[in-house]
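Participant: Residue strings, one per chain:
Number of protein chains: 2
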Amino acid sequence: MNASEFRKRGKEMVDYVADYIEGVEKRQVYPDVEPGYLRPLIPATAPQDPETFEDIMTDVEKIIMPGVTHWHSPNFFAYFPTASSYPAMLADMLCGAIGCIGFSWAASPACTELETVMMDWLGKMLELPEAFLAGSNGEGGGVIQGSASEATLVALLAARTKVTRQLQAASPELTQAAIMEKLVAYSSDQAHSSVERAGLIGGVKLKAIPSDGKFAMRASALQEALERDKAAGLIPFFVVATLGTTSCCSFDNVLEVGPICNRENMWLHIDAAYAGSAFICPEFRHLLNGVEFADSFNFNPHKWLLVNFDCSAMWVKNRNNLTGAFKLDPVYLKHSHQDSGLITDYRHWQLPLGRRFRSLKMWFVFRIYGVKGLQAYIRKHVQLSREFESLVRQDPRFEICAEVTLGLVCFRLKGSNKLNEALLEKINNAKKIHLVPCHLRDKFVLRFAICSRSVESAHIQHAWKHIRELATQLLQSGKE
Amino acid sequence: MNASEFRKRGKEMVDYVADYIEGVEKRQVYPDVEPGYLRPLIPATAPQDPETFEDIMTDVEKIIMPGVTHWHSPNFFAYFPTASSYPAMLADMLCGAIGCIGFSWAASPACTELETVMMDWLGKMLELPEAFLAGSNGEGGGVIQGSASEATLVALLAARTKVTRQLQAASPELTQAAIMEKLVAYSSDQAHSSVERAGLIGGVKLKAIPSDGKFAMRASALQEALERDKAAGLIPFFVVATLGTTSCCSFDNVLEVGPICNRENMWLHIDAAYAGSAFICPEFRHLLNGVEFADSFNFNPHKWLLVNFDCSAMWVKNRNNLTGAFKLDPVYLKHSHQDSGLITDYRHWQLPLGRRFRSLKMWFVFRIYGVKGLQAYIRKHVQLSREFESLVRQDPRFEICAEVTLGLVCFRLKGSNKLNEALLEKINNAKKIHLVPCHLRDKFVLRFAICSRSVESAHIQHAWKHIRELATQLLQSGKE
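Quick note, the sequences are listed as chains A and B, same order.
So the first sequence is numbered by the working numbering: it starts at 1 and just counts up by one.
So the second sequence is numbered by the working numbering: it starts at 1 and just counts up by one.
Hint data in this document are derived by calculation from the structure and do not stem from the laboratory.
For every residue, glycine included, the Cβ atom is placed at its ideal position computed from N, Cα and C.
Since no wrong hints were added, every one of them can be taken at face value.
Using C-beta positions, here's what the derived DEER-type ranges look like:
hint, chain 1, residue 1, chain 2, residue 2, range
1, B, Glu139, A, Ser390, 50 to 56 angstroms
2, B, Ala232, A, Arg285, 55 to 61 angstroms
3, A, Asn320, B, Glu34, 20 to 26 angstroms
4, A, Arg285, B, Gln168, 46 to 52 angstroms
5, B, Gln168, A, Asn320, 34 to 40 angstroms
The following block holds chain A by itself, in its conformation from the complex (with noise of 0.2 angstroms):
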């Protein structure tokens, strides 16, 4: 394919975009397939010669389309949001063309750069403390991960260098794997399943801390277990917190949680994967405090700041500790302001090498819809989770099961999980809304995520209304 036709096929593709996310609420928000339906629609390898453009997009409507799971559909109430916005995706297409690597500063000066400059942005609207922005010259600073995971997995592996160079620093003979042995990190029982796979991956225990009633971390339940393992001979190194769990929206309490960590140097992680975004709200700003007693913090733009994936966010107050943990400097990679101290090489920050220029996508963003725009965007979200709220509150056959802060409402029948899951696949089986449950204790709950860029008052009253006339359904064949 030339330039030519790319032209006219880039500008095709333009218009099939719009069209599609026009037209994604008349699409069904979950396929019909069964597994393995795709394979037999497709040839068993690679033609050998060139196919024509029209003939993938046919198949783009025959094959795919049938078995995506629309998460831009207004009728999309599961997981979390992903984002998804238009300048976001024209900054995409400016990031595939330029199409660098941007490992170190040589690689390309403007992709490392804007990424340090966007990220003290974002700061900046996060209100955060000084220390973790970047400036000219600060200790601190914030990378693009791509995704909260990796965000954790490289705080957790910062952490446990940290140390472990201390402890070698007292006692030469201790080997790492003797301190690694010993080591151990905490989260509350609603963290997510992330932070446990980081234990794992590091080859750390990692213990969870039973969450209060409102399902938050509080600093008796953390100094209780610190107590107990200190007392055994563990070394406690390394905590995440998280602001908005991803069960129930949930806030551990970081302002407890912070102090303690800071005074038995332990490294604290703050994750706020879906909750970062509200932050730029100055009514919700509140709920970040504490990240001033955090060594990082991070949250996902893309997944409520309508920056597409993938954006994760995160920033350290010192970012030798961040890149001591991974330094490495073969020769193919180094470059002559190596050691000036002025620059940033983000292979040191990061799980791979290489890494796109995505912070386009947060200049486009964040210019396009303006500040101003991001807090009206997040404030519509959060009206309608209370909307929702409101709805389900009116009914007496349903309970709210956690507090609704932001976009997430918990909620269930009264009544066994036995019921709960009948409702939840009866919803899903109808196919007209997606939800996914969640386990708050020994309760089935269903979770609705406000999700799309697109949902409006009229789909939370629909969706409700579905639910309602299903639960309905379901009590009546109960008794009968």
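For chain A, the structure is supplied; the task is to place chain B on it using the hints.
Facilitator: Just chain B now, kept in the frame of chain A:
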């Protein structure tokens, strides 16, 4: 920005992208900017109110482009290529629009299933052993990782889990830390720095095996290390063999190393990040011989197979070994087909949870080029590197430093390292072309990698003429 403005701006962006790619040769391949150039050019904070798209695009030319290293310029011969093609860019646009996060089958069945089938297509193009293919009910299969670094790390972690479980099954009293203290992994002294990094992250020893005169890992050196380490009570468990090293594109001898790994119960991972694309040509397929001994194999279509970054293809013979290392199943990610055995949840195959619909890029590229088109592309690059090699060989002042097998030529002026460092500095300061160096043993060597999709014989001839002129200047100035 609404759909109608996106239609307009998207089409403008398509033209901008085509203009950029068509005109990239006219841009200076390496930028003039100094560290810190960008920050003073843009505001210190995000705008409160929306700005216009025109303003942004003006700034792209004014602020971004002057700081870009143009990886797709035909004058770019640094690092290794990073892929760029029009069909891949079109697929990326579609991927952005669908915007699904394919962590499980249910999260978007098409995203998972196309990936599995595309990895089979690509595996067949390479004539991978059947055991690596998913087929309809195989135990192996492929997955798209973000980078070769991640593939190596994932393989190492899977191997670590496998050997730990085996040892604990035999001796239940062994702790993970006690085992990890004794685990040892191997790679050639020519392996990429990401291999050493995987060892650091995984918390295991990683030993470099001295390569032979052709920079290849051979049986004897590996065997020697194994015997020594086993005698010292260590537990060898993992070997990374590289096909096409980063420094000089040398090839470890997998036919020798493979049987040792199998005999010693060590996981063999083959990293062919750059060279792997060439194996789709029958005349280069022999370089992959011995892959049948491997447990996992990885290469980057995003380097040399016209699929834009990121798309790192990884296959395993036994998917349970991979997923076993990471599998955690929280309720909010469960779905009704979970335990059917028919489906793949790719989140268990990788480090992050989230993942984009990257197989669309493979599908578009394979169909628009056809296998023959892709083979022709590889062959052209190999031919151009041979052309450069023969130019170098005609000038007695220069020497070729490693066998030229694919698209990389390692060369230097006969003489001191200092002389060659000065030559590289002259070349990169002139900014007509861009190269990076490497060390081969104690020699400082220049790497000339065929990179751009649009590079032609004329660019090679010009580049060589330019290098010769700078060398002449340098040698004369030394005489004065």
